[in-house]
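The task is simple: from the sequences and hints, build the whole structure.
Letter by letter, the sequence shown follows residues 1 to 126 in the numbering used here.
I should point out that these hints are in silico values taken from the structure, not numbers from a laboratory. Heads up, the beta-carbon is just placed ideally off N, CA and C, and yes, glycines get one too. Careful: at least some of the hints might be erroneous.
Unchecked claim - Per label pair, the in silico range of CB-to-CB distance:
| no. | residue 1 | residue 2 | range |
| --- | --- | --- | --- |
| 1 | Q111 | K44 | 15 to 21 Å |
| 2 | D84 | V104 | 47 to 53 Å |
| 3 | K118 | A97 | 31 to 37 Å |
| 4 | E53 | E26 | 37 to 43 Å |
| 5 | E67 | L39 | 40 to 46 Å |
| 6 | E121 | W74 | 29 to 35 Å |
| 7 | I32 | K118 | 18 to 24 Å |
| 8 | L60 | R35 | 36 to 42 Å |
| 9 | E88 | M117 | 20 to 26 Å |
To be verified - Below, computed lysine to aspartate or glutamate pairings styled on EDC-like, alpha-carbon distance capped at 20 Å:
| no. | residue 1 | residue 2 |
| --- | --- | --- |
| 10 | K112 | E45 |
| 11 | K46 | E105 |
| 12 | K118 | E48 |
| 13 | K118 | E53 |
| 14 | K44 | E34 |
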Amino acid sequence: MKHLLYIMSGLLALASCTSNLKKENEALHDEIDERREQLDNSLKEKLEAAQKELEATNSLLEKARREHDEQHEWVMSHATQLNDQSPEVLRLNSLRAQRDSLQVEFEKQAQKVKFFMKKVEGKDEE
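Here it is, written out as structure tokens:
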């Protein structure tokens with residue numbers, strides 16, 4: 001009879017542990033799902049921010065290109081009257097440096113957008 005009581009109490013303890021493990025497992029799965037959702041939202045927010053930055057940089061780049069092209073055309077048409085230290089030539093050089101800097105920034109941001117797009121698309125496929 002004693003053996004039967006020991007076996008029964010052992011089975012009850014085992015059933016209790018199994019029930020607790022199931023609850024903990026479900027709680028962990030819920031937490032994992034919640035964190036995945038937060039990660040997805042974070043990636044989408046970062047993508048939107050990167051796209052806005054890219055648009056702003058593109059706008060500045062287009063303006064810098066226009067100014068550079070106008071100044072370049074003017075300098076070329078007056079090239080015989082100017083030297084390397086003329087204010088117009090110095091402005092052209094400054095505009096070229098600004099244009100090139102914005103071009104590098106634009107390319108960097110474009111890669112950032114591509115990266116986030118791949119990450120977001122990869123999450124959508126799962």
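Now for the hints, and whether the structure bears them out:
About 18 Å separates the C-beta atoms of Q111 and K44, a value consistent with the hinted range of 15 to 21 Å. For the pair D84 and V104, the supplied restraint of 47 to 53 Å is violated, since their beta-carbon distance comes to about 25 Å. Between K118 and A97 the C-beta distance comes to about 32 Å, which sits within the given range of 31 to 37 Å. Checked against the hint of 37 to 43 Å, the C-beta distance between E53 and E26 comes to roughly 41 Å, which is consistent with it.
Checked against the hint of 40 to 46 Å, the C-beta distance between E67 and L39 comes to roughly 42 Å, which is consistent with it. Restraint check, E121 to W74: a C-beta distance of roughly 46 Å breaks the suggested window 29 to 35 Å. At roughly 22 Å, the beta carbons of I32 and K118 sit within the given window of 18 to 24 Å. The hinted window of 36 to 42 Å between L60 and R35 holds, with their beta carbons roughly 37 Å apart.
Separation of E88 from M117 is about 42 Å and departs from the stated range, judged on CB atoms against 20 to 26 Å. The straight-line distance between the Cα atoms of K112 and E45 is roughly 13 Å, inside the 20 Å bound, and the hint therefore holds. Proximity of K46 to E105 is assessed by CA-CA distance (about 17 Å); at most 20 Å being required, the pair is judged to hold. With a C-alpha separation of about 13 Å, the suggested pairing of K118 with E48 holds against the 20 Å cut-off.
For a cut-off of 20 Å, the pair hint linking K118 to E53 stands: about 18 Å separates their Cα positions. At most 20 Å may separate the alpha-carbon atoms for a hinted pair to count; K44 and E34 meet this at roughly 15 Å.
When each numbered hint is compared with the structure, violations occur for hints 2, 6 and 9.
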